[in-house]
Structure formats: C-alpha cells, structure tokens
Amino acid sequence: MEDLTLLLGFAGIFAFSAPLIFAVVGETLIERAGIVNLAVNGTILLTAMAGFAVAARTGSLVLGFLVGALIGAAVAWLIAFSSITLKQSQVAIGFVLTLLTRDLAYFLGNPYMGLAGPRLPSWHFPLLKDVPFLGILFFQHDWMTYLSYLVIFLGWWWIFHTRPGLILQGIGERPAAAYARGTDVNRLRYLYSVVGGALIGLAGPIYSLSVKAGWKGTISGLDGLGWIALSITIFGGWNPLRAAFGVYLFGFLQWLGLVLQPRLPGIPSQVLQVAPFPLMILTLLLVNIGNAEWVERTLAALPDRWRHFLKRLLRALRANPPASLGVPFEPE
Amino acid sequence: MKVELRHIHKHFGPVHANNDITLSIPAGTIQGLLGENGAGKSTLMKILSGFLRADSGEILLDDRRVIIRSPADAIRHGIGMLHQDPLDFPPLRVIDNFLLGQQAKGIFLQRNQALEAFQRLAQQYDFSLDPFAYVENLTVGERQQLEILRLLWSGVRVLILDEPTTGISAAQKQKLFATLRRLAEEGRTVIFVSHKLEEVEELCHRVAVLRAGRLVGEMHPPYDTRKLVEMMFGREIQAAPRASFAASIPVLRLQQMTLEDVRLRMTAVDLDVHAGETIGLAGMEGSGQDLFLRACAGLVRPVAGRVLVGEQDLTGKAYHAYKRAGVEFLPAARLEEGLVPGLTLSEHFLLVSERQGFFLQRAYAQRLAEEQIALYNIKGRPHSPVESLSGGNQQRALLALLRQPLSLLLLEHPTRGLDVESSIYIWSLLKERCRQGTAILFISSDLEEILQYSDRVLVFFSGKVSPPLEASALSVEELGGLIGGKGWEKFGVQRES
Amino acid sequence: MKREQIGLSLGLRLLAILLALLFTVMVLLLSGAPPLEAFRQIVLGAFGSYKRFTDVLVSWVPLLLVSSGLLITFTAGLWNIGIEGQITLGAIATTWALRLLQDSTFPPALSLLLATLAGMLGGAIWALLAGALKTFGGVNEIFGGLGLNFVATALTLWLIFGPWKRPGIGSMSGTEPFPQALWLPVLPGLRLSLWALVPGLLAWGMVFLLLSNTYFGLRLKAVGKNLRAAYLLGVPTWQHMMLAFLLCGALGGLAGSFQVTAVYHRLIPAISSGYGYLGLLVAMLVNFQTLWVAPVAFFFAALNLGSIQLPIVLKLDSSLSGVIQGVLVLFVLLLDGVRRRMERG
Chain V
0 MEDLTLLLGF
10 AGIFAFSAPL
20 IFAVVGETLI
30 ERAGIVNLAV
40 NGTILLTAMA
50 GFAVAARTGS
60 LVLGFLVGAL
70 IGAAVAWLIA
80 FSSITLKQSQ
90 VAIGFVLTLL
100 TRDLAYFLGN
110 PYMGLAGPRL
120 PSWHFPLLKD
130 VPFLGILFFQ
140 HDWMTYLSYL
150 VIFLGWWWIF
160 HTRPGLILQG
170 IGERPAAAYA
180 RGTDVNRLRY
190 LYSVVGGALI
200 GLAGPIYSLS
210 VKAGWKGTIS
220 GLDGLGWIAL
230 SITIFGGWNP
240 LRAAFGVYLF
250 GFLQWLGLVL
260 QPRLPGIPSQ
270 VLQVAPFPLM
280 ILTLLLVNIG
290 NAEWVERTLA
300 ALPDRWRHFL
310 KRLLRALRAN
320 PPASLGVPFE
330 PE
Chain X
0 MKVELRHIHK
10 HFGPVHANND
20 ITLSIPAGTI
30 QGLLGENGAG
40 KSTLMKILSG
50 FLRADSGEIL
60 LDDRRVIIRS
70 PADAIRHGIG
80 MLHQDPLDFP
90 PLRVIDNFLL
100 GQQAKGIFLQ
110 RNQALEAFQR
120 LAQQYDFSLD
130 PFAYVENLTV
140 GERQQLEILR
150 LLWSGVRVLI
160 LDEPTTGISA
170 AQKQKLFATL
180 RRLAEEGRTV
190 IFVSHKLEEV
200 EELCHRVAVL
210 RAGRLVGEMH
220 PPYDTRKLVE
230 MMFGREIQAA
240 PRASFAASIP
250 VLRLQQMTLE
260 DVRLRMTAVD
270 LDVHAGETIG
280 LAGMEGSGQD
290 LFLRACAGLV
300 RPVAGRVLVG
310 EQDLTGKAYH
320 AYKRAGVEFL
330 PAARLEEGLV
340 PGLTLSEHFL
350 LVSERQGFFL
360 QRAYAQRLAE
370 EQIALYNIKG
380 RPHSPVESLS
390 GGNQQRALLA
400 LLRQPLSLLL
410 LEHPTRGLDV
420 ESSIYIWSLL
430 KERCRQGTAI
440 LFISSDLEEI
450 LQYSDRVLVF
460 FSGKVSPPLE
470 ASALSVEELG
480 GLIGGKGWEK
490 FGVQRES
Chain R
0 MKREQIGLSL
10 GLRLLAILLA
20 LLFTVMVLLL
30 SGAPPLEAFR
40 QIVLGAFGSY
50 KRFTDVLVSW
60 VPLLLVSSGL
70 LITFTAGLWN
80 IGIEGQITLG
90 AIATTWALRL
100 LQDSTFPPAL
110 SLLLATLAGM
120 LGGAIWALLA
130 GALKTFGGVN
140 EIFGGLGLNF
150 VATALTLWLI
160 FGPWKRPGIG
170 SMSGTEPFPQ
180 ALWLPVLPGL
190 RLSLWALVPG
200 LLAWGMVFLL
210 LSNTYFGLRL
220 KAVGKNLRAA
230 YLLGVPTWQH
240 MMLAFLLCGA
250 LGGLAGSFQV
260 TAVYHRLIPA
270 ISSGYGYLGL
280 LVAMLVNFQT
290 LWVAPVAFFF
300 AALNLGSIQL
310 PIVLKLDSSL
320 SGVIQGVLVL
330 FVLLLDGVRR
340 RMERG
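Protein chains in written order, with numbering that gives the first Met the number 0: chain V, 0 to 331; chain X, 0 to 496; chain R, 0 to 344.
Among these hints, one or two may not hold up.
Derived lysine-lysine pairs resembling DSSO-like cross-links, with alpha carbons at most 30 Å apart [as the list claims (entries may be wrong)]:
no.: 1; chain 1: R; residue 1: Lys224; chain 2: R; residue 2: Lys50
no.: 2; chain 1: X; residue 1: Lys378; chain 2: V; residue 2: Lys310
no.: 3; chain 1: X; residue 1: Lys378; chain 2: R; residue 2: Lys314
no.: 4; chain 1: V; residue 1: Lys215; chain 2: R; residue 2: Lys224
no.: 5; chain 1: X; residue 1: Lys1; chain 2: X; residue 2: Lys226
no.: 6; chain 1: R; residue 1: Lys224; chain 2: V; residue 2: Lys86
no.: 7; chain 1: X; residue 1: Lys104; chain 2: X; residue 2: Lys378
no.: 8; chain 1: V; residue 1: Lys310; chain 2: X; residue 2: Lys1
no.: 9; chain 1: X; residue 1: Lys378; chain 2: X; residue 2: Lys316
Some chain R residues near chain V, calculated using beta-carbon distances under 10 Å [claimed, not checked]:
no.: 10; residue: Leu201
no.: 11; residue: Gly204
no.: 12; residue: Leu280
no.: 13; residue: Val326
no.: 14; residue: Leu333
Just so you know, the hints here were simulated from the structure itself, not pulled from any lab data.
Just so you know, even glycine gets a beta-carbon here, dropped at the ideal spot from N, CA and C.
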C-alpha cells in the first residue's frame, strides 16, 4: 500500500512538470534562434489567469488554452519586434513585460479569485495504462501531460534532426553565415519567437485548468516558476532532452521536499519551499564556472594530471549558449 | 556566366566607396580585382553577392538585367562568395555545414544523399576533408575548401573569393589555385579579390585595379608589374628604411614556458627579448602565436616555466602586474577589445591618465587630449566618440593611449584593415618607440610586413615554435614554406603530440 | 542635440504617456471599472490632502534610494535584479541590530544609527553575494539575484514565524513592534521622517556627483560599455563591478532599514514592498540621467499611494499602479526605438 502511494506521488511529478516542460521547450526554441525572452514568469501568470477566466466564462477548455497560447505568442512577438525592428535591449523589454503581465494578471484576475471553473479531466491511455508500474507512472494523466512528452521529443527532433532545425541552430550560432546562405534570419527569429511564445503561453492554462486548477491571485504559488523555467533552459544546455531531465529533476526534488517535510520537523517549511532557488544558483554555478577566468588561471597552476581531469569535468558540465544569443543581427 | 557591372555607385556617409564602376567579365575567366585596403574591392563584391545594395547602377548576368537584394537572390542567380573569414558554423560538423548550403525545401535531412554528393565533389577536386569532423577543429584552408564544395553543390556559376590566401599555407594555396583554374575551364566565372600583386599575376586571366572607389585601369597578361603598382597606389610609396634599435638589455625572458589551450600545446619555449628590438610572430591563424603573445602579456597563464619582465619574475601574475612592469598589449579588434565605444577621446585619455584623483578635471582632460591628438596626428576632436573615428585613427588613438616609457609592447595585427599610408605612419610611430628602448612583439598575417619591420622572426606551426630567425636572412618564400610546415627539419624540433 | 531632435524626443515622451493612459483605460474598461473615477481616486489618494502628499514622500524615499543605487550598477553594465533581496536583508539586519540593542543602555539615537549602518551592511553583503556569483562564478546577475531574492523572502518568513515570532504565535503581521523610542522621529501628526528624507536626497545627490564627475564614475562607465577593453586599458574591472554591487546594495539596505525604523517599526513579510523592481523601472526610464530619478520616482510613488484607495472605493486590485508604471516604461522604450529608427532614416 505504502508502495502504491509512493508510486502515485512519483507519477504526479510527470503531471506537475507538464507546464514547465512547455515553458522550457518554448524558451529553448526562442533562445536557439538567438533571442532571450525574459518575460516567462509574467507570461505564465497572465496566461494562467486569462486561460482560467476564459474557460470559466465560456465553459470551453479549448478556448482557455487557445487564449493562453495567443497571449504567450503576443508577448514573445513584442520582444522580437522591439529587439529586431526597434533595436532595443531584449533584457529591458523582457523585464518590463514580465512585471507588466504579472500586474495585469493580478488586476484583471481579481474578479475570478477563488471561483470554481472547469478542469481538464484525466484520460487514461487505453492499453498502456495497464502496463505494470509504467502505466501508473506515465499513462494515467491528462492530455496535456501526454502532449508534454510529445513536446520534448518534437523539440529535440526538430532542432537536431531536421533541416529547418539545422538552420535554427545556424541563426543562433552565426546569423551572418546563415544569411550568406540565403536565410532570412530575422523572419525566422520572429517565427520562432511566436511559436516558442505560444508554448510558454500554454504553461499558464495547464496550471490553472489542470495542475493547480483555479486562480488564486498572489497566493496561486505560480510566481517564480517562470524564472525557474529560464534557468532550467540554461541548465538544459539548449537541448530539450537535457532540459526535460532538468524539469523532472526539479519536480522530483520538490516532491522529495513534500515527502520529507513531516519527517524532518527541525527544518521549517519555508526553507524547503525555497530550496529550489539556491539549487538553481548552484546548478548555474556548475555549468558556468568553467568559463570564469580565474578558474582557467588556477587550473594552469596545477600539475598536469589534475588539470586534465578537472578540465574535462568542467567541460562536461558546461552549457554553451548559442553564440549569438541576445545579439541583434543586421543584414548590412 | 558573363557578369557585367554598370555605373555602380555606393556611399557610406561621406565616403564614396564605389564611384561609377563599370566592369565586364566574360564567362570562363579568372578576373583579378586588385587594390589596396579601402580601395572599394570588398564593397563592389558585396554588392554583387547581395550583402550590400548599390545606390545606383545595374548588374547584368548573361546580358540580362538582374536585381540582387540579398544573398538569397545572389544564390538564386548562381553567385556565391567565399569570405576572407569563412562564413560557416564552427560548432557544427562538416557535413551539416555542407547541407546548410543547399537551398532545398522540406523538413527531413537527407544526410546520406548529402554525404554522397560531398564525397563525389571532394574527390573530384582532390580535397580530403572528414565529413564528420567539427568545423571549429579545421584550419582556415580546410574551411575554405569546405566553403568551395558547398558553393559548388549549390550550383554557383560565379565564384567570388575575397582575399582567400590570407592565413593559408603555400601548399593549400597551390591547391586552391589549381581548383580555381579548373572551375574556369568548366566555364564558371571566378573573381579573385586581392591586394597581393604576385598572386594576381600568377593566377588571373585579366586584372582590374581599383583605387579610392574608382576603377583606374584593366590589364591583360603579360602584366607590367611597375604599371600595376602605379595604378594601385597612384604614386610610388616609400616605406621607411629598415632601422634597428636592438640593444643587449633583456626586457622579457621566457624560460621553458609551456602553454596549453583546447587545441594545442606549446612546450618549453625559451626566448630573450632585448630592449629596442622588434620580433615578428608569423604563422597561419590559430598556430599558437596568439596564445604565445597573450602569455607574454600575462593574459594567459603558462602551465609550466617562467616569465621574467626585466628582473621581475611575473610567472602566473595577471596582466595588470605586467602593465605595472611596463608591458602593454594591443588587441587586433580595436573597437571590441581596445577602445570603449560610447566614450570620447578625452575620456579615454583620462581613463589611462596617471594622475587620477577623485574628481575629474575636465580642463586637464581637454588639454591632454588636444596635445595627444596633435602629437599622433589623429583626425578627431577631444569630444569625438571613438567609434566615429576611422580604423587608422582608432589605431593611432590606441598608440597615443600607451604609457611612456614602455619596456615591452605586444601587438596583434597592428595594421590590419589599414591603407598603406596609414600602415607606414603607424610603423613610424612604433619604430620611434623602439628608438626609445621599447621592445616590440607583433603578430601579422602579412609576411612582407613581418620581414620589413622585424629584427628577428618566430615562426609558429601547429604549436611548434621555431628558434628566432634573423629577418634579414629570410625570404618571403622561405617564410611561407615555414608557416605551412615545410623546412622545419633543420631546427631539429621534435613534433609534439 | 539639435532643437528639432529635442522636440521630437519630447513629443515621443508625451505620446508614450498618452498611449500608456489609453492602454490603462482599456484595461479598466475590460474589468468593467469606470476609468475616470479610477484616475480620480488615484489622484485623490496621492494628493487629496497634505497628509497624503507627505505619505507619497514616505514611499518616495526608498524608491529614490533604490533607483539611485541601481544607476550605479546600470552604469557598470549590471542588471542588479537582486535589489529586492538587498532591501530585505537591510531590513533584517536593522531588525536584528535593534533587537540586540533595545535592551541595552545605549542612547536610542546611537542604537538607531548602529541599526541603520547594520542595514546598509546587510544589503551590501547580499549584493556582494550576487556580485561574487557573477564575477567569480559566471552566473548571470539576473538569475543569481533572483534566486537570492527568493531566499531573502524565505529568510524573512522563517524569522517572523520562527526565532523572532511574537509572544505566543507568529503571524503575517510581522514581529513585535519596537518601542517608540527606537522609531525615527516623524513630523508632528504625519508619517514622514526627515531623518529618512534627508539621507535619501543626499544619496541621490552623491550618486549624481559620483557618476558624472569622478574618475570612479568614468571607470565604471568604461566597465559597463566594454568590459574587455576597460581591463586592457588598466581598469581593475572585477573590483569595480563588486564596488558597484556594494554601493547599490548599501543603498538598497538603507531603504530596507528605513522601512523598519521609519515606516513599519518591525519586520513584516513583504518588507521590500516591491520597491526594488519598481526602482529598476525608474532606472530604465531615466536612461542614465541621474537628475531625472527624483521626479520619476516621485511620480511612481504617487501612483503607488494613490492606488491604495482602489480596493476600498472601487473594489479594484491595487496592482493597477503596477500596470500603469509598467506600460509607461514599455511605451517609452518602444517609442525610443521608433525615434532611433527614424533618425537612421
């Protein structure tokens, strides 16, 4: 019995992680094209609110998700527009938008606080749901969770195994070279911004219509998740598979915190709740520290064997961003 | 394909980069385009390949008027350009770079098909490239070969090469020339852009010379070298006579210095650099000379051995310690690494001023900047932002920012992208430093510059360093062979793994 | 700048304000609220009485401190998003110092002075953490700073519900208030303390002087515009980045400290009141022109104060002020891009 609860809890990680998967894969696509969308946090809040509000008013879940995707795409488009066409700082616009969308969510969501609304029903996969162990783990969730598996795979396949994906890598890596080969770099940057933004925009409704159904304003517990998504994108080295691993690891650690909390009365709950954030800093430290100059210098002073070992270790951990991430491209 | 350019004009602000250029190139020709830096060759070729748009004028291909708005248009018309710094994707594999050249539609990667085409073409032109290697691990010459294959696969009929021989070995150069001759025989048009006379004379069926944005003349073989020079420069330019100020006081001593980076390892280098002497560092790009120069500045820490500046042991110290000991490093990328765009000239002088108190003294800054501007002949004003200066004036400003006195000056490509007059002026400033006792170490990919200005030369080849060679006893051919890896046996240097 | 250029940029600023108003009206209509009434309430809430006006000044002080500090880090090319945490740590350190000192025999003035210094130190240390992560660990200051913000919030909650909880049971209302002797003196009948206002104005003036007229400011500019070149020109770069973090953190800490000693007189969960993020908006809006910090911060403070009325009178959420501020900065940035595009031709 104990085992089954444990397994069910464990299976919950996959459902709980679905929104973050959408956000992380969406951000990965955008950043692969060379643009940083810093507005993820606010986008998730606004789309969670709007998706819920629309679904509650119309009774249509599909409309709820659609509105989320549209808002996400619109926000990402605005960032692309201001950086590509208006040559403004992506970081500045992204930051303003993340604050603005958050406040919009709280302001416009006020009347919907705590209302009852529709919720995505769970749908067990025929046949697969009965596979021992794996069935419970993966196939007794709802549609968005299954879609999240597909998003990981499609994202990975698209970037690394298709012709447009190869071009996508090219425009993030060296846009001038892609341009020389006849690629319209900025048009593709717009395109991936909008597509990735729509994926990020789906994360909100998945929370408010499934994982954490409803809208509870500032106490929804969604504030901060977008930032987590952004750092997992880095941790994932701009690869949807490694990023998905990051998301599930994060989900697992949160679940572990919940499970362990009653058994560790000495540790106050606040500490466990923010545990992801120091952890986020630590992982970013691990993947970035190999690029620091003092590390290079210190390594040079070490004996050969240690130096080679440590260098290899740091290189394995390191996540190299697309070389032109955040750098605007001008054809002339 | 026959290429015709008619009355091409292009302005960049006040600069008339292309002034009414009309040029006709028959199919199957290797057309040389000769001119010094800044003459407008690259601009003209960028217009033909779609990177720039002419202000006015027209382009005809096989007597049909075409409009080329972007590289995509140029590719569609069969025009491909090989850039001086190959425009490829270093973190991707050779085969993926190749694949990205084709304008095919569709989602699926047909790697097998591409591989077949790649191997067929590589064999046809006698290139040996590993399709699965990463481009970042290739030499510049190999990257050019890859680019040529890619362009051929995409069906170019006009191939433009912009200074393709910079940074490749003598052997690779011969192979490149053979390939170009074959392409011409197949009926393709080749445009070879260069400022090197002898290459153009060796390869091209005809030559057009550009000077200050104008087409000043065309010539067919046999070439009259003296006349070509006159066309290129308009007049005879005299470089300062060779001067040597080498003294016997050592300013930099490297003892068994070993360096390492991702690609290469340079073992146990010994060198004494004396006050007033100039040492040129020659080698193909990425052969280790950059690493070496940066190690002499303390920007890279050696993994073994010692670095002494004057009498001080500065092994493992950072650049600022070297700077205090009288060492300065000038990077090749002037606006990226050398100067601070957004700050004015006078702010730069304040930044390096040695009498920094707490509050800025604007009047002092103004006076200081005016003095230096006059002294170094910089075309600019104290309040000019540095990014508004021309390349030559930026380099002058960088030299003006160096402290006085200086025991060692390390330069990366001191005259890259400058015209001949500017280069000569820069070198006169540098030699004045030597006269005052500063030793100079400089990297250049221009072998003539190295032989002209160095007392001694160090040659680098995939992590190996030659012993110091007397510049006066070296010829361009000999040096060219050495940077390509030929003739190293006589130094008795064992090959490093 | 030519006269027509000044005219153009002024016109675009006005247009930005107009568009921001228009957007806000649309948002209000969308939520079914009467826009004019909402604006009237905001103006009344901020300037309806002398007391309200001084209340605006009360929230002007932390915003002024924080925005001035952020200009230092912005000049060094750093996005110090961790400012929220730095304010919080300033408040925590001040509370900690006052808890230690309230039972001592020190005169209250000295206790307050020490507690204020502790607050500045707390903010500075938290900023140095983000700075060290950036300069020595390669962790982008945005992510490092954000992580530290969440940790600071958790630390506050833990202190309020744990070690520093009120006698009996901890609550969201914060720690036990300090005795009145340890409050910064206020003007009679008001909440405004000159002991906070004057240091705020001084800090603003000093930052202006520092950035525009000193070698330190010039070197900081060089670091912000081209880190690599600044290093090669001999500027000790990481030291300057750390100093920028330290100064900004100290000013943030001072703001947090005043939140405790001049406003709440205790530690509360949301002690930073979002002044950090708001300060980032102010700093972006003034675009390195330090002199503009004061009026813009004042305007933002007025919006904040004015919108407190909204839930009471119109049953609207007070986050409307955040919407107005955000959309204003957004339009200013967008129109600035339009202006540059027009200038390029």
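Verification of the supplied hints:
This hinted pair does not check out: Lys224/R and Lys50/R have alpha carbons roughly 44 Å apart, beyond 30 Å. Of the pairs offered as hints, the one joining Lys378/X and Lys310/V is violated, with about 47 Å between alpha carbons and a cut-off of 30 Å exceeded. Between Lys378/X and Lys314/R, the direct Cα distance comes to roughly 65 Å. Violation of the 30 Å bound is thereby established for this hinted pair. Proximity of Lys215/V to Lys224/R is assessed by CA-CA distance (about 43 Å); at most 30 Å being required, the pair is judged violated.
A hinted pair counts as satisfied when its Cα atoms are at most 30 Å apart, and Lys1/X with Lys226/X qualifies at roughly 27 Å. Note on Lys224/R and Lys86/V: the hinted pairing holds, with a Cα-Cα distance of about 17 Å set against a maximum of 30 Å. A distance of roughly 51 Å separates the Cα atoms of Lys104/X and Lys378/X; the hinted pair therefore is violated under the 30 Å criterion. Using a Cα cut-off of 30 Å, the hinted pair Lys310/V and Lys1/X is violated, with the two alpha carbons roughly 54 Å apart.
Between the alpha carbons of Lys378/X and Lys316/X the distance comes to roughly 37 Å, so the proposed pair goes past 30 Å and is violated. Here the hint on Leu201/R is broken, as its CB sits about 29 Å from the closest CB of chain V, past 10 Å. Interface restraint check for Gly204/R: the shortest CB-CB distance to chain V comes to about 26 Å, outside 10 Å, so the restraint is violated. With a least beta-carbon distance of about 7 Å to chain V, the hint placing Leu280/R at the interface is held under the 10 Å criterion.
Of the supplied interface hints, the one on Val326/R holds, with its beta-carbon coming within about 6 Å of a beta-carbon of chain V, less than 10 Å. With a cut of 10 Å, the hint placing Leu333/R at the interface with chain V holds, because the nearest CB-to-CB distance is about 6 Å.
When each numbered hint is compared with the structure, violations occur for hints 1, 2, 3, 4, 7, 8, 9, 10, 11.
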